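Engineer: Chain order of the listed sequences is W and L. Note that the first sequence ends on residue 529 in this note's numbering; no numbers are left out. Note that the second sequence ends on residue 539 in this note's numbering; no numbers are left out.
Since the hints were made in silico from the structure, they are not lab data. In this text, all values refer to a predicted model and were calculated from it rather than measured experimentally. There may be inaccurate statements among the hints.
Claimed, not checked - In silico DSS-like links for lysine-lysine, alpha-carbon gap of 30 Å or less:
no., chain 1, residue 1, chain 2, residue 2
1, W, Lys222, W, Lys344
2, W, Lys494, W, Lys447
3, W, Lys222, L, Lys513
4, W, Lys447, W, Lys420
5, W, Lys417, W, Lys447
6, L, Lys507, W, Lys223
7, W, Lys344, L, Lys524
8, W, Lys344, L, Lys449
9, W, Lys344, L, Lys443
10, W, Lys396, L, Lys278
11, W, Lys336, W, Lys384
12, W, Lys222, L, Lys218
13, W, Lys306, L, Lys348
14, L, Lys513, L, Lys443
15, L, Lys484, L, Lys524
16, L, Lys507, W, Lys222
17, L, Lys218, W, Lys223
18, W, Lys223, W, Lys336
19, W, Lys150, W, Lys417
20, W, Lys384, L, Lys449
21, W, Lys384, L, Lys278
22, L, Lys278, W, Lys494
23, L, Lys384, W, Lys494
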Amino acid sequence: MTVSFKNGKTSRRNFLTGAAAAGAGTVAATVAKAAGDPLITEKQVWAQATGDGVDATPYGLPIEFESDVVRRNVEWLTADTISSINFTPIHALDGTITPQGCAFERHHSGAIEMKKEDYRLMINGLVDTPLVFTYEDLERFPRENHVYFCECAANTGMEWAGAQLNGAQFTHGMIHNMEYTGVPLRTLLNEAGIQTAGKWVYVEGADASSNGRSIPLEKALDDVLVAFKANGEALRKEHGYPVRLVVPGWEGNMWVKWLRRIEITDQAIESREETSKYTDTLEDGTSRKWTWVMDAKSVVTSPSPQSPIKHGKGPLVITGLAWSGRGAITRVDVSIDGGKNWQEARLAAPGTKGAMSRFYLDINWDGQEMLLQSRAHDDTGYVQPTKTQLRDVRGLNSIYHNNCIQTWWVRPNGEAENVEIS
Amino acid sequence: MSKFLNSVIAATLLASPVAAEKFGLGRTALPEEIAAWDLDIAPDGTGLPAGSGNAIDGDELFAEHCAICHGDFAEGVDNWPKLAGGMDTLDHEDPLKTVGSYWPYLSTVFDYVRRSMPFGNAQSLSDDDVYAITAYILYSNDLIDDDFELSKDTFFDVEMPNADGFIIDDRAETEYAVFTEACMTDCKDSVEITMRALVLDVTPEEEGAEEAAAEPVVEVAAVEEAPAEPEVVAVAFDAELAAEGEKVFKKCKACHQVGEGATNKTGPVLNGVVGASIGHIEDFRYSKVFGQMKDDGMVWDEANLAAFLAKPKDFAKGTKMSFAGLRKDSEIASVIEYLKQFQ
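The following block holds chain W by itself, in its conformation from the complex:
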């Protein structure tokens, strides 16, 4: 999706102008105090006239002043925008739940449109009875609600070679975190009856890419959901309406959208997506496969290159996101000096397995430059590594599963830049 920015731009250029005005702004505010702030002393139009009626917006979109908080794509990354990806504006969001309308999209043959009435889900292969379900059938099984993050394995992939894209949205925005409603996959598999020779499930979508992936039966019977609602409402087209697979903690490519078929097999199918893609080549030329789990990771979302400090020194909220596919986030540390010293941030809520955590560090900024970093811990004892630690194990040719510590260089004027440090 190509987005346009008609209103409320926060471009770097605008910011620079704004920063220049900020110095003057401090003075102006003082003057305003003496004369009285006209926004207070003068009657404003919104305090006199009336606003929109309840019939103005049957389904609401964010107010126009927030129109820069949108998904964005990077043209040079892919050959076209149909088999491509865009990024969640995490730099501008807070809390942990990602609104569907700005949650990143990744398609291999475009986002297809399918009616619920046209939806069919087949279960076949090594089962007692191959079955076909309609959408209505799925709604008659007992359902569950769970919050999970979905992260593309390529998130932060461009950063393997060094600091490249200037913004948390671009470096870490291939992720979203939603509350899903759906039926456990095990319930549906039980309905068909798994034969003892069955060891894997092969799942595929109804789109032209099919995006087939093999999942070990153990995981399929554990926590995989066949989901049809996200954040309380129907899935969006771009996220697999009417039905997608939710594979908690595992790479986003396995969360098959427009889910149409589940086959019980005795072997992995070794589809295109699990051989030529989503495998990780090490320094000696051998490649890891079946690297499904997303390891613990975090990033400071503000301040960050797209969310600079505009208020000068004094109280500053440093905030960010942390997540782990292997367990719950138990702690996040933040460094403001490039990793020399760390302090424990405050988690907004206790972490839960496979879901995002929000962290805050409230400081009194002295207006000096900072090298901002965050470091996640999960309940397995794992600590988010540095890029150097990862490169020592994997070399330089990896693309996927880059969960390294990210650095933002914040300068005294409040601007921030993506940098790599020693």
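Using the hints, position chain L against chain W.
Structural biologist: Positioned in the frame of chain W, the structure of chain L alone reads:
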């Protein structure tokens, strides 16, 4: 963990899904339904259909269905995947991963081509065609001779060079045991910035900033070209609209060139296309449908261009152009305006 919790967990496991009740929902899938959807091919060849093909037939099919993105010799066009070459590069910097150099199983190639290719017209090839195209990709990688007849019976005569190049995820041993330290104070002596994103400068600018940057250039150009302006206006050329069109044309650039020095790429050069007869570039190999239109004397007037750009495959059934179409009328109008200036 307490004994109580252990026993609760044990009880939960016993009551686990295998033994759970059924709801009697859904209906039995019919054999013909399963046959229609169950197309995957396993590495051991399970699922391979009857039929066969060789690289000689595959060459022609590849040129017709695949070369527009993957190149005539499977070498790849622009950012589209390269399918051939890259042998022995996996331990080099920036390895070239192709079917020949990287893919461990031939079944994956057949499976993917049959299920998902060509891009924009998936599942349109016969099984014989898929065997032939698979054979051509192998031939392009020097893995078989051009007359090797690929079929279910000969499938495993082909050796994939990187078949043994994969290991199963070993992070538990190589990483999880190591990434456990969390130093809190005086963790290193010095910190140097070694690379900056702004120096590399590959982040897309927001549109507003782009416009602001482009403005002065437009002004200068307007001054320099002032004498020519009246004539341009005379042919009803809308420079502002054309400037919009230049942005839209980014979507076309992967396959089409236009302007001074432009040549045919995967798509024909577009100089002079507005008003030209359909299929007017002599040395470009058009889809058959355009040959027919040319014979019928059809012209790329604005109405035809607009119809084609909105829904390429509806306007020209069988076109090799894999582009889905422009959604907005304003985009179509502006890109046509942009093309007008290259005569």
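Engineer: It remains to establish, for every hint, whether it holds in the given structure.
Structural biologist: Against the structure, the hints come out as follows:
no. : hint                 : result
1   : W:Lys222 to W:Lys344 : holds (10 Å)
2   : W:Lys494 to W:Lys447 : holds (15 Å)
3   : W:Lys222 to L:Lys513 : holds (26 Å)
4   : W:Lys447 to W:Lys420 : holds (22 Å)
5   : W:Lys417 to W:Lys447 : holds (26 Å)
6   : L:Lys507 to W:Lys223 : holds (25 Å)
7   : W:Lys344 to L:Lys524 : holds (19 Å)
8   : W:Lys344 to L:Lys449 : holds (27 Å)
9   : W:Lys344 to L:Lys443 : holds (26 Å)
10  : W:Lys396 to L:Lys278 : holds (21 Å)
11  : W:Lys336 to W:Lys384 : holds (29 Å)
12  : W:Lys222 to L:Lys218 : holds (27 Å)
13  : W:Lys306 to L:Lys348 : holds (25 Å)
14  : L:Lys513 to L:Lys443 : holds (27 Å)
15  : L:Lys484 to L:Lys524 : holds (28 Å)
16  : L:Lys507 to W:Lys222 : holds (22 Å)
17  : L:Lys218 to W:Lys223 : holds (24 Å)
18  : W:Lys223 to W:Lys336 : holds (13 Å)
19  : W:Lys150 to W:Lys417 : holds (28 Å)
20  : W:Lys384 to L:Lys449 : holds (26 Å)
21  : W:Lys384 to L:Lys278 : holds (13 Å)
22  : L:Lys278 to W:Lys494 : holds (29 Å)
23  : L:Lys384 to W:Lys494 : holds (15 Å)
In this structure, every one of the numbered hints holds.
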